[in-house]
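Enquirer: Generate coordinates for the entire structure from the input sequences, incorporating the hints supplied.
There are 2 protein chains.
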Amino acid sequence: MAPLSDRVIAGDPRAIARAITLIEDEAPDGADLVRRIFARTGRAYLVGVTGAPGAGKSTLVDRLIVGVRKAGQTVGVVAVDPTSPFSGGAILGDRVRMQAHAGDDGVFIRSMATRGHLGGLARATGEAALVLDAAGKDLVLIETVGVGQDEVDIVRTADVSIVTLVPGAGDDVQALKAGIMEIADIFVVNKADREGADRTVASVEAMLSLQTFPDGQWRPPIVKTEATTGRGVAELLAAIDRFRAHTAPALGGRRKARAEYRVRELMAHRFVRHAEERVLATGEFDRLLDRIAARETDPYSVVDEIVKRTVR
Amino acid sequence: MAPLSDRVIAGDPRAIARAITLIEDEAPDGADLVRRIFARTGRAYLVGVTGAPGAGKSTLVDRLIVGVRKAGQTVGVVAVDPTSPFSGGAILGDRVRMQAHAGDDGVFIRSMATRGHLGGLARATGEAALVLDAAGKDLVLIETVGVGQDEVDIVRTADVSIVTLVPGAGDDVQALKAGIMEIADIFVVNKADREGADRTVASVEAMLSLQTFPDGQWRPPIVKTEATTGRGVAELLAAIDRFRAHTAPALGGRRKARAEYRVRELMAHRFVRHAEERVLATGEFDRLLDRIAARETDPYSVVDEIVKRTVR
Chain A
551 MAPLSDRVIA GDPRAIARAI TLIEDEAPDG ADLVRRIFAR TGRAYLVGVT
601 GAPGAGKSTL VDRLIVGVRK AGQTVGVVAV DPTSPFSGGA ILGDRVRMQA
651 HAGDDGVFIR SMATRGHLGG LARATGEAAL VLDAAGKDLV LIETVGVGQD
701 EVDIVRTADV SIVTLVPGAG DDVQALKAGI MEIADIFVVN KADREGADRT
751 VASVEAMLSL QTFPDGQWRP PIVKTEATTG RGVAELLAAI DRFRAHTAPA
801 LGGRRKARAE YRVRELMAHR FVRHAEERVL ATGEFDRLLD RIAARETDPY
851 SVVDEIVKRT VR
Chain B
551 MAPLSDRVIA GDPRAIARAI TLIEDEAPDG ADLVRRIFAR TGRAYLVGVT
601 GAPGAGKSTL VDRLIVGVRK AGQTVGVVAV DPTSPFSGGA ILGDRVRMQA
651 HAGDDGVFIR SMATRGHLGG LARATGEAAL VLDAAGKDLV LIETVGVGQD
701 EVDIVRTADV SIVTLVPGAG DDVQALKAGI MEIADIFVVN KADREGADRT
751 VASVEAMLSL QTFPDGQWRP PIVKTEATTG RGVAELLAAI DRFRAHTAPA
801 LGGRRKARAE YRVRELMAHR FVRHAEERVL ATGEFDRLLD RIAARETDPY
851 SVVDEIVKRT VR
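Protein sequence lines, in the order shown, are assigned to chains A and B.
Take the position in the first sequence, starting the count at 1, then add 550; the result is the number in the working numbering.
Take the position in the second sequence, starting the count at 1, then add 550; the result is the number in the working numbering.
Be careful, since some hints might not be right.
Identical copies go unnamed one by one, so any copy, or any two together, can satisfy a pair.
[To be verified] In silico EDC-like cross-links for lysine to aspartate or glutamate, where the CA-CA straight-line distance does not exceed 16 Å:
#1 K620 with E846
#2 K774 with E785
#3 K858 with E810
#4 K620 with D655
#5 K806 with D836
#6 K806 with E846
#7 K806 with E834
#8 K806 with D840
#9 K806 with D579
#10 K620 with D654
#11 K774 with D579
#12 K620 with E785
#13 K858 with E785
#14 K620 with D688
#15 K858 with D836
#16 K774 with E745
In case anyone wonders, no lab produced these hints; they're calculated from the structure.
Expert: Right, here's the structure in full:
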């Protein structure tokens, strides 16, 4: 059989699924795979979608898939659920969602749950997006639940960031405004048929009006959608296209920042593993932790010592 | 003047504030300070409070402060807002909140906003809690907004984790249940006077009933509160006390796991800084990123090379 990387590049769905599992498991084969496919990446456009739980993101993403397919483009979805430590539920969810696009090779949907520490999820998400990119998907949608730092990090790695709100979440808009202001390229008010939709739009508008947008700077538009009926989805796709055209000259810079984040994060991961596997004796790390717990030493002194023994 | 560490240990509020700022700024003096005060920590009981935005956590925490003070204990609060990149708003909020406890030296409240990458916020939060611990606060409340991985990490570092829900957030309970199931030691249904409070209690109860709790294992209780009136706050404090007594034998293990997370995270941070400051030539990191962007190389190969040059 052809190597996995070749089959991924050929767009084989089973190879894509296998590749993402390797990445999720942090297997060494996953790193090798990313290395092999990396030269074939950089063509897909990455769309990040986040928002509070219950904002209807999955339904919205499904509608976007339909719209993108109608326009003749292929699409891959990485659905990240940082709150779910159980992959069983995620896999079941994928099956249900994939059924809506059954028999369409131009669509690939994959959920990822929380793994590891130190930004492991953001790394895995970024690499899953690389796999879909290398597999020739024109658009890669990264969908995540929540509005914490992890989601901000994930969505920041996309080429465009969409923040989804729902009517009647006035408190939320207030509570989240600073973080949202920073990452949203496009706001979506979903479930726009609900009471209070115009009020939600008005409060986002009020937030935006506090900021100045110099000539030529993108001002995040607010798009009203009803994901269940599909209303507003065409407008959202048009807003994504406008943003893409507007930011095309700066895309290289945004992607370089993304590479910087990824490299730094990967360095951290490798260094710690190296110290634990090659520098510390068996059981030594555990004994040091016991000494910290007993207040015989402190975390900084322990780390100083480990670093000194590990670096040249 | 006495060294900052001595003044922190003496409980001087201005010294505590200064110490937390050093930690927040990731200043080398902050690390020195933690080293100096570390032997004086481990006495405070750490209470983590999280939940979706708008769940009324701040009001609830304020009520807990009053209850704790009535019981004759001192209290420190670290209010983490991962969605707010602006400390200005946080500081203003602190002033408003502190006024409620003006003139009471037994209360110290401090907000922290998002800083840096690689778990920087969880690290800073943990160290701020150490400062309040060393300063002699009996209870340290760590309050955070959200239910993403970052909040889970923060709350996990506490001795007891409280998850706050509000009625009418049925979708949320469903969406979040996996993550919540994992971290909650106590559930609070706040705004319990609202319609649907009993339904929210019932759905948490339904979730819990899916799990088996062997004899002797803690089963998270569900406490109904109305933070605005103070109803249920005494019950919540009683639940915290019960949990504390129940888990006292295992507290050492929980704290050791916390130390492990902290040490690993600190190692990562130090290694990356070492590589960037001492191993890579000026401008080299940037040139490597350009080569990645141009697809002349890939992140894994770059990291392999940097790690090889950095470690012994």
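Enquirer: Next, verify each hint and record whether it holds.
Expert: Quick rundown of the hints versus the structure:
no. : hint           : result
1   : K620 with E846 : neither (65 Å within a copy, 35 Å between copies)
2   : K774 with E785 : within (8 Å within a copy, 43 Å between copies)
3   : K858 with E810 : neither (25 Å within a copy, 19 Å between copies)
4   : K620 with D655 : within (14 Å within a copy, 65 Å between copies)
5   : K806 with D836 : between (38 Å within a copy, 9 Å between copies)
6   : K806 with E846 : between (44 Å within a copy, 13 Å between copies)
7   : K806 with E834 : between (39 Å within a copy, 14 Å between copies)
8   : K806 with D840 : between (42 Å within a copy, 7 Å between copies)
9   : K806 with D579 : neither (25 Å within a copy, 32 Å between copies)
10  : K620 with D654 : within (12 Å within a copy, 65 Å between copies)
11  : K774 with D579 : neither (43 Å within a copy, 49 Å between copies)
12  : K620 with E785 : within (14 Å within a copy, 57 Å between copies)
13  : K858 with E785 : neither (56 Å within a copy, 50 Å between copies)
14  : K620 with D688 : within (13 Å within a copy, 62 Å between copies)
15  : K858 with D836 : neither (18 Å within a copy, 26 Å between copies)
16  : K774 with E745 : within (13 Å within a copy, 28 Å between copies)
In terms of the numbered hints stated before, the structure departs from hints 1, 3, 9, 11, 13 and 15, listed from lowest to highest.
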